[in-house]
Structure formats: structure tokens, C-alpha cells
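Chemist: My request is simple: use the sequences and hints to build the entire structure.
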Amino acid sequence: MEIIGILSRWNATCGISLHAELIGHEFIRLGYKLKVFAPYIKSANKWWHHKILREDEVYIKRCYEEVAPDSTGGAIDKEAILSEEFDCLIIESYASLPYKAIEEIFPELKKKAKVIAVIHEGRRKDIKYSLDNFDRVVVFDERYKKMLGKSAKVEIVPYPCNPVVKSDRRFAEDGLKFLTFGRQPSYEYYDYIKALDDLSKKYDFTYKVIRSDGLIPFKRPWLVQERRRIDDVYPVLHSADLHLIPKRQTSYVVVSSTLCQCLGALVPTVVPDTRHFETLPEIEGVKPAVVYKDVDDLKEKIERVIEDEDYRRKVLRAAEKYVEENRSDKIAQTFLRLLDSI
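If you're matching positions, the sequence shown starts at 50 in our numbering and goes up one per residue.
No lab work stands behind these hints, which were simulated from the structure alone.
Given the structure is predicted, the values throughout are model-derived calculations rather than measurements.
Any given hint might turn out to be false.
If you anchor each label on the Cβ, the simulated ranges turn out as follows [claimed, not checked]: (1) G334 x E157: 30 to 36 Å; (2) G334 x D262: 37 to 43 Å; (3) K199 x S390: 16 to 22 Å; (4) E51 x D343: 50 to 56 Å; (5) E51 x E157: 28 to 34 Å; (6) Y239 x D359: 27 to 33 Å; (7) K342 x A201: 19 to 25 Å; (8) K250 x D378: 30 to 36 Å; (9) L264 x Y89: 46 to 52 Å; (10) G122 x P270: 44 to 50 Å.
Note that beta-carbon positions come from the ideal geometry of N, C-alpha and C, so glycine has one too.
Modeler: What follows is the structure, given as C-alpha cells:
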């Protein structure tokens, strides 16, 4: 096996794209040739797509239109894929894929390559093609496996993490600094704003919010907002003391790609008790992120991170161990072993 194909979003600010990029870049480092089939730029620039971050690499071929939220559109340049040579094709499966168009080319795909799916959909009803088309179906944890139902083809391969890169900065050495980045809806910030309102009576700090879209509608003397895109997240994270991730609760199965992207910076990370984080393990008595239940719990836990150096170190040790177990190079190797077994 020398040539690996990936059909996915690419260079976009979303968990689908991040997963494909993390394993894809590792395949290249291991000496494999990579070919990526991504949505057309016009499709990727729609309001409901996640923002394109950077120019495409030479191995990217944009050849399909995503399905819109109202279920319209969705097409694929079949020849653009079938004319390429590859030994296997990894399809990052997500709700905006043109499922029907992809299903139509499965017979030809299966003649030339091994085909596996990576399931990002959190509900079984959102998957609009038969999983019997695939040689293997990859899910991130047992929740996805349960959601799909019994199948011998399903394999658990955890979502990959960026590797550990430590900072030389000491905690709060130049003032206490909180950080959030992303494009989350404004209401998802409410818990953090409310908690920091109260904590500002006790501590001096800044809370920097970096947005790729519009700014959040809050004004506080300690709130600093920037509107820009971030390509390399670690230097930004290393400038902060606590990383606050806003998420709303969902009914469907989901993982937090943001956590996997950022945890290796070894900055204490605070998250809400939502489905994104429900599978985080306890490692030596603590989780790799600080999980809060409500605003009062959030205030208490932020204070503990600030005041209790031993607790802070335990959280970061747990984060480091979690990242080491799920490092992107290890996950890529797991995919390669899986492909070799087919």
C-alpha cells in the first residue's frame, strides 16, 4: 500500500477537516503518497460550511458539492475520483456529504481500493448510505458503536490529538489570562461571562476571545476581543493560563475536536459537562480537562485551578497522558494496521 486517498473537508475550521488533516499529514510523514478529495471552494464558502483556513496543498482535488441544510444540492465529479490511483480510500462520513452520489460509485471504488468510513454523524438516521458498502467502519468510542448497532465491521479508533508541546511560561507570570477561540454561538459564552463577572471581584485578569466571525455581544473591562483566524493554535494557547471551551448540550453523540486539537499545549482547559466530554477518563483521580456542571461549580473549579498548584499539576499530567495515548502519529499507525488487515 503506497497511495492513500481521503474524501473529506480539508483546511476548514471543523472536526471533520481536523481529523482528516491530522492522520493525513502523518501518512505523508511516514512516506505514503496522499490524495485528498474535498468540497469545491464555492461549496466550502457557503455560510453553513466551516471557514477555509489556508490555501490548498498540491495533493488536494476539490471535486464535490455538499448537501445544504435544507437537503438541496449535493453532487460529485465521479471521474475526478475514479480516474485517480489509490490503494485505499478513507471517507470522513458527515451529514453534508452527497451520500447518494458517493453510493453510486462504490461498485467502481471497490474494484480498485479498500474503502473505510470514519463516522462523524452522531445519529444513525443522519447516515444516508449503507454501511455495508465499506470494508471497515471506524468510530471514535463505544457510544458511536452502540448508535450504529451490532456489526463485525465496526472498529474503535479514538479521535487523534495534536502532540504535546510544552510552554516555558509560568502560570500567571505576567498576569492571569483566560482564553477562548473559535466561532461558537454567543450564548455558549454565558457561563464563562457570568462566572468571570463574580471572580473579577477577587482577581485581576484578562479574558481574550478570538473569533473568526463576529464578536460576542458582551462588554467588560477585563474582556478583550479580536477578530482573526488562527492557523497555529499552540502559540496562542501558550500565552494563556486557562483555556475555556464553550459548548452547548446536545442529544446526539459527539466528541470535541477542539479539545483534541488543544490539550497537548498543556494549558489547563475548562469545559462544560456536555456530551462532547462525557467519555473523558479519570487518570490518577482527575480528568484531563476540568469539567463543570453549572456556573457555581465553574467558579469553584476556576478558583481551584488558580489557587491549588498541586491540583493544577495533576490536571496537566492527566492531559499529557491522555494526549500521549491518542497522539496523531499513533492513531495514523492504527489506521494503517487496520487497512493492512483488510
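Chemist: Compare the structure with each hint and give your call.
Modeler: Against the structure, the hints:
G334 and E157 have their C-beta atoms about 53 Å apart, which leaves the hinted 30 to 36 Å range violated. For G334 and D262, the Cβ-Cβ distance of about 38 Å falls inside the hinted range of 37 to 43 Å, so the restraint holds. As the Cβ distance of K199 to S390 is approximately 20 Å, the hint placing it in 16 to 22 Å holds. Between E51 and D343, the C-beta spacing of about 53 Å keeps the proposed range 50 to 56 Å intact.
Range check, E51 to E157: Cβ separation about 20 Å, and the 28 to 34 Å hint is violated. Hint check: Y239 to D359, Cβ distance near 31 Å, so the stated range 27 to 33 Å holds. Checking the proposed 19 to 25 Å range against K342 and A201 shows it is violated: the Cβ atoms sit about 38 Å from each other. A beta carbon spacing of about 45 Å between K250 and D378 contradicts the range 30 to 36 Å that was offered as a hint.
Range check, L264 to Y89: about 30 Å between beta-carbon atoms, so the 46 to 52 Å window is missed. In this structure the hint that G122 and P270 lie 44 to 50 Å apart at CB holds, the actual value being about 46 Å.
Comparing the model with each earlier hint shows violations of hints 1, 5, 7, 8 and 9; every other hint is respected.
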